[in-house]
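Here's the letter readout for the chains.
Protein chains: 2
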Amino acid sequence: MQTAWKDYQKQNEQRFLDEMLELLRIPSVSAKSEHKDDMRRCAELVRQRLLDSGCDRADVMETAGHPVVYGEKIIDPAKPTVLVYGHYDVQPADPLELWHSGPFEPVIKDGKVFARGSADDKGQFYMHVKALETMVKTGSLETNIKFLIEGEEEVGSPNLADFVRQNKALLKADVILISDSSMISMENPSLDIGVRGLSYIEVEVTGPNRDLHSGTYGGAVANPITILAKMIASLHDQNNHISIPGFYDDVVEATKAERELMGRAPFDEDDYKQDLGVNELWGENGFTTNERTGIRPTLEVNGIWGGYTGEGAKTVLPSKATAKISARLVPNQDSRKITDLLLAHFKKIAPASVTVHAFEHHGGEPYMTPIDSKGYQAAAKAIQTTFGKEPVPVRGGGSIPICSILEKELGIKIVFMGFGLDNDNLHSPNEKYNLENYYKGIETIPYFHKFFAQS
Amino acid sequence: MQTAWKDYQKQNEQRFLDEMLELLRIPSVSAKSEHKDDMRRCAELVRQRLLDSGCDRADVMETAGHPVVYGEKIIDPAKPTVLVYGHYDVQPADPLELWHSGPFEPVIKDGKVFARGSADDKGQFYMHVKALETMVKTGSLETNIKFLIEGEEEVGSPNLADFVRQNKALLKADVILISDSSMISMENPSLDIGVRGLSYIEVEVTGPNRDLHSGTYGGAVANPITILAKMIASLHDQNNHISIPGFYDDVVEATKAERELMGRAPFDEDDYKQDLGVNELWGENGFTTNERTGIRPTLEVNGIWGGYTGEGAKTVLPSKATAKISARLVPNQDSRKITDLLLAHFKKIAPASVTVHAFEHHGGEPYMTPIDSKGYQAAAKAIQTTFGKEPVPVRGGGSIPICSILEKELGIKIVFMGFGLDNDNLHSPNEKYNLENYYKGIETIPYFHKFFAQS
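Order-wise, the sequence lines are chains E and P. One rule links them: number in this note's numbering = place in the first sequence (from 1) + 1. One rule links them: number in this note's numbering = place in the second sequence (from 1) + 1.
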């Protein structure tokens with residue numbers, strides 16, 4: 002069978018790529034209302050491709066926000082069912098001026114596809130669609146497959162929980178398989194065993210009721226930029242420990258044994274620094290880089306703006322300054338609790354000379370997958386088969402907000418089998434996905450189904 | 002003569018206004034290169050109006066940047082000469098969405114002209130043009146008048162010093178008269194006796210060489226927004242005293258007598274707070290509001306930006322964060338010295354995990370005018386005549402960077418006779434100039450010439 006899979010994939014290599022590029026050309030940016038029609042166009046294309054690739058049915062299903070695409074191929078209700086989760090929405094492409102080519106005009110260079118969504122997550126979920134086609138066309142599908150491809154992952158999946166609750170029977174499965182993460186490298190394959198949770202808020206600080214002349218009023222009225230900067234500066238202490246009272250209350254500290262295991266994952270600090278172009282790393286004292294991004298919660302400012310940001314100089318004391326701020330959470334932090342803590346904290350620390358309006362964007366819970374589950378074991382065996390090396394279990398720094406809800410509502414475990422790389426420029430200009438990884442993913446996924454069916 | 006002036010001004014009231022509006026319709030934003038042609042168009046219109054209003058000659062004269070408009074009416078070389086300085090360039094109009102009407106589509110409402118440049122400084126320098134016309138047409142001009150109307154005041158007059166040095170003979174005069182400031186109110190007329198200096202810099206903080214996914218890298222790499230916020234937060238101590246070593250070294254402290262005199266200027270803190278819509282004022286401990294904006298140097302962030310600033314949420318750890326920062330200076334601070342101090346300070350306090358690129362926008366020296374000079378006395382008498390009340394001498398918070406250079410190169414004193422109000426929204430959306438103030442200025446200026454000629 003392995004030869005049949007490989008032959009089929011080789012013969013259809015170019016088409017598999019062309020179909021991915023077609024998806025990438027649609028600017029399906031969920032955060033921006035101007036792309037509402039693009040979102041639907043993208044969902045329709047996903048539906049069509051699911052049908053073309055072997056699904057018995059595929060539907061664009063409504064939610065209160067962007068639609069969900071559901072598809073399924075049921076070979077035998079008695080066989081195990083794998084639910085593939087992915088998302089067809091992408092992050093905004095800004096800042097556009099830093100892209101070397103159009104974010105929605107995919108370019109192939111040095112064996113990489115450059116486009117927004119190439120790795121996160123269009124290129125990755127589409128591997129599962131082409132793996133399905135491979136198994137169907139070679140008559141070797143051993144599991145039922147369901148697809149849940151949503152359009153709001155990048156804005157925190159605000160409507161997916163309701164959708165899942167309302168469609169529990171439809172989504173019934175034995176395991177959830179997600180390719181929306183990365184591995185250490187092609188030489189050191191890894192499987193994520195966790196994702197961090199997320200609390201994302203926005204803080205708007207208002208000083209005077211209008212922009213003021215900084216000469217006439219400077220020195221006599223609180224400058225909201227200065228106040229916001231002071232508030233942001235107070236969020237980390239000198240050890241880069243988050244200094245919001247109560248923030249760490251529910252954190253389950255990793256054991257010494259767990260930290261020792263994590264320490265074995267290959268990591269070269271010089272390579273890491275060189276790749277990022279920094280002279281020194283930065284982070285919470287007392288933890289390694291992998292620990293800082295894996296087992297520790299963090300707090301980052303994702304955006305800030307206020308006053309004059311154009312060419313040249315303008316002597317203004319602005320009325321407002323705003324920041325987008327998000328925390329990554331680890332077990333057993335609760336996103337709702339941390340979001341409320343953050344919102345209250347900013348209001349509390351604001352001086353009386355300004356007013357603070359703080360509100361929530363979205364959140365999600367951290368999630369851990371057990372290494373001894375059937376799903377994880379099937380994924381590890383699949384990787385072992387195609388990479389020739391046992392994958393290292395690692396804790397990923399990113400977030401997939403819906404994970405904890407999927408497990409709770411459907412009562413099944415999630416397996417993360419990501420084929421991206423950390424340097425894929427996710428959420429950044431020049432996002433890319435290596436063709437080698439795309440094809441390796443399509444090659445590996447059928448083994449997951451095979452091993453899961455046999456387990 | 003007074004009756005003749007008043008009659009002439011009454012008869013031409015509407016035209017005086019229409020001509021001002023014509024000037025306001027040209028978006029002469031010196032900071033933005035896209036307005037280069039508008040700048041020249043505006044200069045040409047000023048030149049034409051100077052000729053129409055009685056100048057013997059008027060020229061658009063080249064500089065390395067935007068041109069200067071020079072005009073003159075020489076009645077008798079033996080008579081005293083007044084050099085009127087003003088500027089035809091304006092501040093950028095952003096943020097555009099906060100304007101109630103187009104910044105370059107003047108609207109008259111409740112006796113006020115709303116437009117960028119209405120008070121700063123087109124409406125104000127144009128009072129002098131119409132005052133000239135009044136005196137010429139009524140045969141009552143008793144001084145020579147020269148006009149120096151520049152196009153780069155809002156970007157720090159980078160080319161005017163050279164222009165003045167190269168045209169000393171042309172600009173020879175006995176006093177410099179400037180209307181580019183405000184008075185306390187129409188009921189409490191005041192004359193500025195000083196302007197603050199300025200040091201304006203931009204600080205760009207770079208962390209990683211590209212925008213990063215805040216989940217994958219958050220917590221392990223310095224976030225340039227956080228670092229910039231910490232640097233900004235460190236600029237003021239808990240008494241809102243500027244905490245940059247050496248910043249206050251050259252400040253000449255006001256004497257107790259001077260501060261007592263300043264304290265007599267009418268000021269209602271409740272009105273001030275209500276006008277600005279703030280619950281509490283803010284500023285350096287130990288000083289009153291008027292002292293904070295008059296005799297004390299200040300440091301304000303005029304703009305900040307970094308990361309994602311669009312709709313919704315983006316989980317990015319940005320590569321760069323930038324701030325525009327300016328200090329207002331008082332005697333005897335030196336703009337060059339303070340600018341160098343600021344640039345060096347930001348480089349010095351930056352942690353090794355980021356790189357800082359700090360550069361200068363522009364600067365200017367503080368300036369004080371002596372209250373016993375012939376020019377100040379003529380201005381005070383003119384105000385007394387038309388307002389029926391002796392003006393209060395006050396120290397203005399704004400800056401006119403070229404003042405100290407004009408005095409040094411031409412060897413003469415400057416008189417500030419501004420007719421604006423603090424709430425004219427200078428440098429802000431909805432800049433306005435009251436028609437009452439415009440006409441009162443045109444009415445008052447001829448008296449200055451009369452009294453100066455007689456003194």
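Among the clues, some could well be false.
A pair holds if it fits inside one copy or across any two, identical chains being indistinguishable in the list.
Stated by the list, open to error - No more than 27 Å apart at the CA atoms, straight line, and that leaves these computed lysine-lysine pairs for DSSO-like:
1. Lys11 <-> Lys382
2. Lys274 <-> Lys348
3. Lys375 <-> Lys414
4. Lys7 <-> Lys390
5. Lys349 <-> Lys110
6. Lys37 <-> Lys348
Everything labelled a hint here was simulated from the structure, so no lab data went into it.
Now for the hints, and whether the structure bears them out:
1. Lys11 <-> Lys382: Result: close within a single copy only, 23 Å intra versus 94 Å inter.
2. Lys274 <-> Lys348: Between copies only: 21 Å across chains, 37 Å inside a chain, cut-off 27 Å.
3. Lys375 <-> Lys414: within (9 Å within a copy, 88 Å between copies)
4. Lys7 <-> Lys390: within (19 Å within a copy, 96 Å between copies)
5. Lys349 <-> Lys110: neither (51 Å within a copy, 41 Å between copies)
6. Lys37 <-> Lys348: For Lys37 and Lys348, neither the intra-copy (34 Å) nor the inter-copy (45 Å) Cα distance is at most 27 Å.
Comparing the model with each earlier hint shows violations of hints 5 and 6; every other hint is respected.
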